[in-house]
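Based on the provided sequences and hints, a complete structural model is requested.
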Amino acid sequence: MTSLTGTGTLVRLILRRDRVLMPIWMLCMALLPMGLASGTASLYPTDAGRQGYIDSLAASPMLLLFYGQKPAEPSLGALIFWRSATGIVIMGLIGLLVVIRHTRVEEEAGRRELLGSAVVGRHAALTAAVLTVSGASLVVGVLVALGMISQQTPASGAFAMGFAWAFAGILYAGVGALAAQLTTGAGTARGIAGAVLGLDFLLRGVGDVAGGGLSWLAWATPLSWVYKVHAYTDDRWWLFAICAAVTVVLAYAALRLSARRDLGAGLLPPRLGPATAPASLSSAFGLAWRLHRGSLLGWTVGLGVVGGVLFGGVAKTASSLLEGNGQLTEIMERIGGKSVASDIFVGGSLGIGAIAVAAYGISAALRMRTEEAALRSEPVLTAGVSRLRWAAGHLTFALLGPTVVMAATGLFAGLVYGASTGEIGRQVPRVVGAALVQMPAVWLLTGLTVAAYGLLPRLSPAVGWVALSLCVLLGQVGAALQLDQLVLDVSPFTHIPHLPGPAAVPATPLLVLTALAAALTAAGLAALRNRDIPVT
Amino acid sequence: MDNAISVVGLTKSFGQAKALDGLDLTVARGEVHGFLGPNGAGKTTTIRILLGLLRADGGTATLLGGDPWRDAVALHRRLAYVPGDVTLWPNLSGGEVIDLLGRLRGGLNAAKRKDLLERFDLDPRKKGRAYSKGNRQKVGLIAALASDVELLLLDEPTSGLDPLMEEVFRQVVAEETRNGRTVLLSSHILSEVEALCDRVSIIRQGRTVETGTLAELRHLTRTHITAELATPPNGLAQLPGVHDLKTDGATVRFQVDQAELDAVLRQLTTHGVRGLVSQPPTLEELFLRHYETEPVR
Ligand SMILES: Nc1ncnc2c1ncn2[C@@H]1O[C@H](COP(=O)(O)OP(=O)(O)OP(=O)(O)O)[C@@H](O)[C@H]1O
Ligand SMILES: [Mg+2]
Chain P
5 MTSLTGTGTL VRLILRRDRV LMPIWMLCMA LLPMGLASGT ASLYPTDAGR
55 QGYIDSLAAS PMLLLFYGQK PAEPSLGALI FWRSATGIVI MGLIGLLVVI
105 RHTRVEEEAG RRELLGSAVV GRHAALTAAV LTVSGASLVV GVLVALGMIS
155 QQTPASGAFA MGFAWAFAGI LYAGVGALAA QLTTGAGTAR GIAGAVLGLD
205 FLLRGVGDVA GGGLSWLAWA TPLSWVYKVH AYTDDRWWLF AICAAVTVVL
255 AYAALRLSAR RDLGAGLLPP RLGPATAPAS LSSAFGLAWR LHRGSLLGWT
305 VGLGVVGGVL FGGVAKTASS LLEGNGQLTE IMERIGGKSV ASDIFVGGSL
355 GIGAIAVAAY GISAALRMRT EEAALRSEPV LTAGVSRLRW AAGHLTFALL
405 GPTVVMAATG LFAGLVYGAS TGEIGRQVPR VVGAALVQMP AVWLLTGLTV
455 AAYGLLPRLS PAVGWVALSL CVLLGQVGAA LQLDQLVLDV SPFTHIPHLP
505 GPAAVPATPL LVLTALAAAL TAAGLAALRN RDIPVT
Chain G
15 MDNAISVVGL TKSFGQAKAL DGLDLTVARG EVHGFLGPNG AGKTTTIRIL
65 LGLLRADGGT ATLLGGDPWR DAVALHRRLA YVPGDVTLWP NLSGGEVIDL
115 LGRLRGGLNA AKRKDLLERF DLDPRKKGRA YSKGNRQKVG LIAALASDVE
165 LLLLDEPTSG LDPLMEEVFR QVVAEETRNG RTVLLSSHIL SEVEALCDRV
215 SIIRQGRTVE TGTLAELRHL TRTHITAELA TPPNGLAQLP GVHDLKTDGA
265 TVRFQVDQAE LDAVLRQLTT HGVRGLVSQP PTLEELFLRH YETEPVR
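Protein chains in written order, with the numbering used here: chain P, 5 to 540; chain G, 15 to 311.
I should point out that these hints are in silico values taken from the structure, not numbers from a laboratory.
Since we're looking at a predicted model, the values are computed, not measured.
A virtual CB, placed ideally from N, CA and C, is assigned to each residue, including glycine.
Check the hints yourself; a few may be wrong.
Unchecked claim - Not close to chain P: a few residues of chain G, all C-beta gaps over 12 Å, as computed: (1) P138; (2) T227; (3) Q269.
Claimed, not checked - Derived DMTMM-like pairs: lysine to aspartate or glutamate, alpha-carbon spacing no greater than 20 Å straight-line: (4) G:K126 / G:E164; (5) G:K147 / P:E382; (6) G:K141 / P:D488; (7) G:K126 / G:E189.
Dropping the structure here:
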């Protein structure tokens with residue numbers, strides 16, 4: 005097939021470009037379940053202990069949403085497969101992001117053209133991207149399996165789990181490939197593919213939490229098949245055949261679309277814009293607003309409204325489940341401190357929301373880097389706009405945008421939660437406060453990214469995303485791994501007080517985090533004022 | 015004070031690589047100054063230093079009487095810049111970009127904007143990602159030319175323009191200079207340089223190797239002479255300034271340095287000139303001589 009000529013070369017090109025990034029994410033993902041298993045094994049060495057742990061977690065609809073239906077037996081492997089389900093979603097996310105990075109991003113930057121004119125078949129780039137991600141996912145899967153075997157879990161279950169993880173990456177690589185064909189912008193493609201993953205996640209979660217007439221939803225989406233492999237208990241190997249078939253269909257559809265459209269074009273045709281600029285587009289801030297408003301709106305609706313309603317809605321169910329279960333309440337208090345159970349759920353979900361919002365803050369700050377690398381900062385910086393003013397436009401959105409999203413999340417969670425308990429007036433300010441108390445940690449990560457942008461522009465994306473991944477890792481598995489408190493303290497989220505709750509809010513950590521964020525931002529801006537632009 | 019740009023001994027390194035190595039450049043107010051040199055000679059680097067985007071390692075640069083790094087913002091209101099590869103925001107229309115850049119600079123001339131859109135035949139409603147290379151370039155050119163600024167810094171501004179549009183560009187720049195505007199034009203298109211520039215500076219490996227009017231530069235090169243003589247020549251090869259002499263019976267071909275032309279012609283006429291063809295040095299030859307990688311003087 006001449007349309008695939010050069011695929012091998014392109015695979016090598018991708019491996020070469022990602023030679024740092026790819027091993028990092030592969031290793032992180034591969035080590036995650038093993039670490040979790042070894043930590044859990046020492047905390048809960050017996051079946052009875054694990055069953056208690058499982059029951060306590062499964063009592064929370066919030067956690068069912070993330071982990072799916074609890075395992076049928078309390079073996080270590082089954083517990084870990086269930087408990088580490090977030091990793092499945094992350095694999096899917098990585099799969100779609102990496103495929104888009106090597107297809108639509110390349111095309112948008114015009115680099116595909118350079119390759120397309122060389123001896124490279126028209127399907128080679130897409131095929132190479134999907135193949136590479138699939139291969140990397142399979143390697144992660146095998147490493148996951150080996151890691152689980154090293155924790156004395158049965159080999160068949162370990163490999164079922166490993167392949168489940170691998171197929172999460174592979175399936176959503178297919179979704180990413182398809183999304184990359186639809187639009188001309190890489191950002192929109194990421195949005196579409198990410199929305200598909202998010203929707204799959206929600207539908208599956210609703211099916212698992214609601215059960216009954218809606219339980220079919222837990223079988224309805226690609227993501228749910230991966231969950232339903234139920235490694236170590238059911239070991240449903242046949243699901244992998246479906247996963248593989250669906251991936252082939254997705255990839256084939258993407259190839260067909262890419263064959264039908266022109267290079268650089270999408271299926272959704274570009275529309276004409278206005279011939280003159282509106283009055284709002286007259287300053288560096290006006291430009292920043294134009295560049296950031298789409299993602300601000302997306303995050304506000306996606307996380308703020310949808311997420312907020314979901315968090316608030318689940319909290320009520322959680323508290324009603326806990327009523328009259330003294331033992332469970334006791335367990336929950338041990339995990340989340342002395343608070344009402346529903347407060348713990350609200351606080352916990354806002355904590356997860358804060359991680360997502362931090363991702364938004366980092367990506368908004370990195371917009372400066374994108375603009376610089378694409379040489380789009382130059383026309384603005386040579387038209388009477390100072391560097392600080394230019395950066396201020398972007399930073400407004402990188403620092404205040406997440407704050408708006410977080411406030412919206414708190415507002416909607418508080419409204420729904422308050423409405424369900426009949427005390428809106430009391431809950432809204434409490435929950436909004438619990439949402440906003442997360443902001444210093446979010447700002448710190450944004451500030452770190454800005455500092456990196458000023459001082460080490462080329463490395464700034466790596467610094468921002470590695471820092472966030474570290475926080476996620478420490479937050480998700482740090483306690484289970486029984487890491488030293490000093491290590492846990494590295495994550496700014498460790499220092500955020502647990503709200504809403506009865507305890508008084510200690511001001512010191514919040515002030516210190518905010519001051520650190522300000523200092524890092526200032527350092528980044530000072531460096532930006534004194535360095536060459538563009539650094540490419 | 016009557017120089018729009020004055021650069022002395024500018025140096026700039028990127029890591030180990032020396033991009034500028036003692037570059038000099040003087041552009042008088044009101045002139046169109048050609049800025050020439052082979053790929054990688056340091057033209058873009060110089061212009062970025064003049065724009066205060068890059069910081070020079072050494073030497074001095076003065077732009078419109080100010081310091082390009084320190085006074086960047088104030089100076090930028092008085093100049094406009096067009097890069098060789100205009101990049102646009104994918105979701106902003108061309109018209110929006112033109113207006114935005116004009117307004118940032120403190121307002122743009124609406125009549126000129128309209129006129130330029132017509133002359134360059136640009137649809138301002140298309141989104142940035144939908145423009146072809148040449149049309150992107152037009153957006154940058156119109157944004158720069160529609161503001162009433164004192165100085166235009168143009169870095170290969172016509173790359174990708176078709177010949178028709180190239181012609182429009184020349185007309186517009188000629189009009190601008192009639193209005194007293196100063197232009198620094200970096201270009202690889204020699205006909206463009208010949209049509210527009212009062213003076214040129216040629217740089218190589220980060221240094222200025224030649225500067226002057228085109229006539230002065232021509233003076234430094236050789237004229238090709240073919241002459242049919244009555245008697246076979248002698249002594250011609252010994253004359254200073256004669257190069258590549260080829261004798262074919264009574265016909266001679268050679269090149270002669272512009273400065274020695276008079277003396278050589280005198281000598282020729284002593285042999286009885288029956289026919290004479292003289293070709294002035296082409297611009298290409300002039301530049302090729304400077305671009306070739308012989309060591310810098
Ligand atoms: N950001 C950078 N990092 C490293 N080297 C650079 C950078 N920018 C320019 N250079 C180097 O500096 C030298 C001068 O480059 P410059 O872009 O100024 O050349 P130029 O005269 O504009 O060439 P061209 O005619 O190709 O546009 C080149 O050797 C180039 O490789
Ligand atoms: Mg250049």
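Q.
Would the non-interface assignment of T227 (chain G) survive a Cβ cutoff of 12 Å against chain P?
A. 29 Å, holds
Q. Given the hint that K126 (chain G) pairs with E189 (chain G), does the C-alpha gap stay at or below 20 Å?
A. Holds: K126 (chain G) and E189 (chain G) sit about 12 Å apart, inside 20 Å.
Q) Are all C-beta atoms of chain P more than 12 Å from that of Q269 (chain G)? A) With a cut-off of 12 Å, Q269 (chain G) remains clear of chain P, as the shortest Cβ separation is near 41 Å.
Q) Is the hinted pair K141 (chain G) and D488 (chain P) satisfied, with a Cα-Cα distance of at most 20 Å? A) 53 Å, violated
(Q) Against the 20 Å threshold, does the CA-CA distance of K147 (chain G) and E382 (chain P) hold or violate the hint? (A) Holds, because 18 Å separates the two Cα atoms, which is no more than 20 Å.
**Q.** Non-interface claim for P138 (chain G) versus chain P (Cβ beyond 12 Å)
**A.** 5 Å, violated
Q: With a cut-off of 20 Å on the C-alpha distance, tell me whether K126 (chain G) and E164 (chain G) pass.
A: Holds - the C-alpha atoms of E164 (chain G) and K126 (chain G) are around 15 Å apart, at most 20 Å.
Going down the numbered hints, you'll see the structure goes against 1, 6, while the others check out.
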